[in-house]
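**Student:** Listed in order, the protein sequences are those of chains A and B.
Quick note on the numbering used here: the first sequence kicks off at -18 and runs consecutively.
Quick note on the numbering used here: the second sequence kicks off at -18 and runs consecutively.
Please note that a few of the clues may not be correct.
Copies of the same chain are indistinguishable here, so a pair counts whether it falls within one copy or spans any two.
[To be verified] No more than 25 Å apart at the CA atoms, straight line, and that leaves these computed lysine-lysine pairs for DSS-like: (1) K226 to K287; (2) K316 to K15; (3) K226 to K28; (4) K28 to K291; (5) K27 to K213; (6) K28 to K5; (7) K5 to K226; (8) K291 to K51; (9) K5 to K213; (10) K331 to K368; (11) K300 to K324; (12) K368 to K316; (13) K15 to K28; (14) K300 to K287; (15) K72 to K10; (16) K10 to K(-5); (17) K111 to K287; (18) K213 to K300; (19) K72 to K368.
Calculated from the structure, these hints are not laboratory results.
2 protein chains.
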Amino acid sequence: MNANPVFSLHIPTKILFGCGELRKLATEKLPGKKALIVISSGTSMKKYGYLDKVVELLQENNTESIVYDKILPNPIKSHVMEAASVCREQKCDFIVGLGGGSSIDSAKAIAVMACNDGDYWDYIPAGSGKGRPVTKALPVIAIPTTAGTGTEADPWSVITNEEAKEKIGFGSTLTFPVLSIIDPELMVSIPPHLTAYQGFDAFFHAAEGFLANCATPISDLYALEAIRLLYKYLPVAVKDGRNLKARAKVAWASTLAGLVEATSCCISEHSMEHAMSAFHPELPHGSGLIAISEAYFETFRNDCMKRYMKMAEIMTQQKSNRPSDFIDALVRMQKECNVYQLKLSDWGVKEEELPLMVQNARDTMGSLFTLDPRPLTDEEVLQIYQKSFR
Amino acid sequence: MNANPVFSLHIPTKILFGCGELRKLATEKLPGKKALIVISSGTSMKKYGYLDKVVELLQENNTESIVYDKILPNPIKSHVMEAASVCREQKCDFIVGLGGGSSIDSAKAIAVMACNDGDYWDYIPAGSGKGRPVTKALPVIAIPTTAGTGTEADPWSVITNEEAKEKIGFGSTLTFPVLSIIDPELMVSIPPHLTAYQGFDAFFHAAEGFLANCATPISDLYALEAIRLLYKYLPVAVKDGRNLKARAKVAWASTLAGLVEATSCCISEHSMEHAMSAFHPELPHGSGLIAISEAYFETFRNDCMKRYMKMAEIMTQQKSNRPSDFIDALVRMQKECNVYQLKLSDWGVKEEELPLMVQNARDTMGSLFTLDPRPLTDEEVLQIYQKSFR
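Just chain A, same shape as in the assembly (with noise of 0.2 Å):
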C-alpha cells in the first residue's frame, strides 16, 4: 500500500444493529409497502418464528408481503430468475432478504433481475457472463440470521450458475442494502459446527481484505477490529451458541467484515472456495474455507510479513517478531473452535478434480487473484488444494 494512499469509502446502507433491533422493522421508513420477502428451503426461518415476526413487524407499518422460500445453501440462479418473475408479478416494490448469506445475496440478485430483462448472467462480467450494465434495481432491505457472510454491509450477491458451474460474487452501488438490521438475538439457535463455518467466513473477509493489494486506511481499521473480536469472541460463541454478548461481538465482527468486502476485498482464497462450491454444492462455503486456509496462508507468509504480524499482534495481544505467529494463532483459533484439519476429500471431493477447480477459480473469479499480495502461479494454487486434500 502507497505511503499517500488514494481511496474512497461509500457505505449508503443505514445499518441498526442491537439486541431486539428487529423491532425498528415496524417503525422504519421502508422503501414501498409490498415486499417478496426471501428465504431458504430450510426449516429455521418457520420454526424459530423469525419469518412470522418479519411480516408482522411489516404489517405494523403497513407494508404487505409474500414469501420466496426455496433459496439453497448455495444459491442458483434459475432461483434468481423465478423469484423475480414473482417479483414482477405481485408487483412488490421491494425485497427483504431474511436468513444466511444465501438469502441476502439472493435478494439483491432478485432485486436487479426484477427491473432488468434477460438472463442474470446477462449482467455477470466475469466467466460466461455478458457483463450487461446494471443501471436499476429494486430496494433491498438485509436481516441476516447468521454472521458471516457480512452481505448487510456490502453490495456483492454471490450466485450460482449451476449448468455453467460458475459461482461468481458481483454487485454495484445500486445493490446495498438500503437498509440492514443486525440483531444477535435471531443467531442464538446456530448449532456449534455452523457457527464456527460462518465466523470464519467472516475471518477470511477481514484477514484477506487485510492482505489485499487494494487495501486501505478505512478497509485496515475494520479488518483488524473484525479479527480481534472474532479471535477473542468466536469460539465462545462456539462453546455457547446462548452467549448473547459473544453473539454480538462475532455478528458485530462479521458487519465490520462486510464493512471490509465493500472497501477493500477479498483475494484468491475466495475464487479458490468458490471453484470448489461449483463442484460441490453441499460443501459448506466456511468449511472450505477453513479447509485450505492454512495451506493458504502459508505460501503468502513471506510476502507481507509486517501485515501477518500485525494480525498476530491484533490476535495475541502480544508482540509478534515472525509472521508464522499469524498461522500459528489461526490454528489455535481452529482448534478452540473444532474445525482443525477439515480436509476437502472429507466433501468428496477427488483428487483428479482439483486442476478443474483450479481452472475453475482463474475462469470465474480470476480478478480477485490480481488483488493477491504477489501473483500465484498455477502450480502454487494446484499445491493449495493438495495439501488441504486429505
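Fit chain B to the given chain A structure using the hints.
**Tutor:** Chain B only, in chain A's frame:
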C-alpha cells in the same frame, strides 16, 4: 456503554480521499448542472488558485457555477440567508462548500434555506430557534482545505445567530454531503498555528466522542484511530506544512473524527467553546477548545478511567495505569504544537463574561451536557472557564 450496545451506522456521503483527488470533480456524477460555490471572505481560495481550479473542473464536468464569497470564520445566519436567496434566484441545483468548516457548514445551511421558507433559525431546535422540521435540502459537495472540522463526513452545520448571540450546531440525514473530496494537497499552505488549532478541533471531536455516554463500537473505532494519528502526525504537520505524508495523516484523522461526530457526539467542551465564540467571534474555534481543554478533561478524570487510559495508550503506544496519563499526553502534544497554555484572556474575554458564557452554553448547546460522562454543575463549568482564563 452497555455490554450489548444498540447502535446504528449510516453515512450516505461518498468520500474520496487522497493527494490529487480534487481532479475527480471533473469526472464524478454531479447532482445537477449549476452549482453555488461557497467560500470564505478571506483571500486564500483565490490566492492559491483553489477556486479557479474548482470552477474549471466543474466546467469540464459540464456544470456552470457562481460564487458566494462572504463567509466569516464563525459563519453567520445573515450570510446563510443571503446566499440561499442568491441560490434560488440563480436556480442553482447544488452547493459546493470549498474551504474550512465555516464554508462547508454554511453550504449545508444554505442548502436547507434554498428549499425551505422563513428564517434559518425557524428550523433550529435549540436556543431561541423554533425547531420547524426540515424535509428537503439541496445536495452539498464538500471540498475541505483545512483538516479539523470533519464536516465533510457528518451532517452538522454550526452557524452563529449574530443578534441572539447563539452559535448552534444543527443537521439531519439531509445535510450529509453527497460527495466529499479530501485532497491533502489543498492543505499545505495552512500556517502552523492554524494547522494546530484545526488539528486539535479534530482531536477533541474524537476524544469527546470517545467519552460521550452515547459512544458505540463503531465510533470508538474511528475515535481511537483519529487520536492515534493526530498525536503522531499533528506535531509533524505543524512543524513542516509541506510534509504531504503528515498532512494526509492529519486530514484522514480529521475525516475519521467527522465520522465520530456522525456516529457518537461531541460533549460539553464544544458547548463551552461555542459560548466563547458567540461572545467573541474573532476567537478561532480550535484555540478556544485548546484553552479550556486541560481543565475540562481534568474534570472527568476519575469518571471514565478506563477510557482515559485507553486514549493514553493509543497516543503513547505504552501501557497506561493512570487516567492522568491522558492529560499528560495531551499537554505534551500541545507543547509540541506550540499551543500549550492558550488563555481566554488572550482573546479579550473578560472575567465578568464567564458566568454569562456558562448560561449561554447551557441555553444554546445544553443537549451536549446530557451526553457527558456525568452531569456537570454550573459551578464546575464556571471553574473550567476560570482555570482557563489567565
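**Student:** Hints first: check each against the structure and report whether it holds.
**Tutor:** Hint by hint, here is what the structure shows:
Taking the shortest Cα distances, K226 and K287 sit within 25 Å of each other only across copies (20 Å), while inside one copy they are farther apart (32 Å). Taking identical chains as interchangeable, the C-alpha atoms of K316 and K15 are never at most 25 Å apart, the minima being 46 Å within one chain and 61 Å between chains. Taking identical chains as interchangeable, the C-alpha atoms of K226 and K28 lie at most 25 Å apart only when both belong to the same chain, with a minimum of 24 Å there against 56 Å between chains. Taking the closest pair of Cα atoms, K28 and K291 never come within 25 Å of each other, the shortest separation being 43 Å inside a single copy and 44 Å across copies.
Neither within a single protomer nor between protomers do K27 and K213 lie at most 25 Å apart by alpha-carbon distance, with minima of 32 Å and 53 Å respectively. For the homomeric pair K28 and K5, the shortest alpha-carbon distance inside one copy (22 Å) is at most 25 Å, but the shortest distance between copies (51 Å) is not. For the homomeric pair K5 and K226, the shortest alpha-carbon distance inside one copy (20 Å) is at most 25 Å, but the shortest distance between copies (43 Å) is not. With identical chains, the CA atoms of K291 and K51 are never at most 25 Å apart, being 42 Å at best within one copy and 48 Å at best between copies.
For the identical chains of this complex, K5 and K213 are neighbours neither inside a copy (29 Å) nor across copies (41 Å), given an alpha-carbon limit of 25 Å. In this assembly of identical chains, K331 and K368 lie within 25 Å of each other by CA distance solely inside one copy; the values are 13 Å within and 76 Å between copies. With identical chains, the CA atoms of K300 and K324 are never at most 25 Å apart, being 32 Å at best within one copy and 42 Å at best between copies. Proximity of K368 to K316 under the C-alpha cut-off of 25 Å is restricted to the intra-copy arrangement: shortest distance 18 Å within a copy versus 57 Å between copies.
Within a single copy, K15 and K28 get their C-alpha atoms as close as 24 Å, which meets the 25 Å cut-off; across copies the closest is 56 Å, which misses it. Proximity of K300 to K287 under the C-alpha cut-off of 25 Å is found in both arrangements, the shortest distances being 12 Å within a copy and 22 Å between copies. For a Cα distance limit of 25 Å, the shortest separation of K72 from K10 inside one copy, 19 Å, qualifies, whereas the shortest one across copies, 30 Å, does not. For the identical chains of this complex, K10 and K(-5) are neighbours both inside a copy (11 Å) and across copies (22 Å), given an alpha-carbon limit of 25 Å.
In this assembly of identical chains, K111 and K287 lie within 25 Å of each other by CA distance neither inside one copy nor across copies; the values are 40 Å within and 55 Å between. Within a single copy, K213 and K300 get their C-alpha atoms as close as 17 Å, and across copies as close as 20 Å, so both meet the 25 Å cut-off. Neither within a single protomer nor between protomers do K72 and K368 lie at most 25 Å apart by alpha-carbon distance, with minima of 51 Å and 66 Å respectively.
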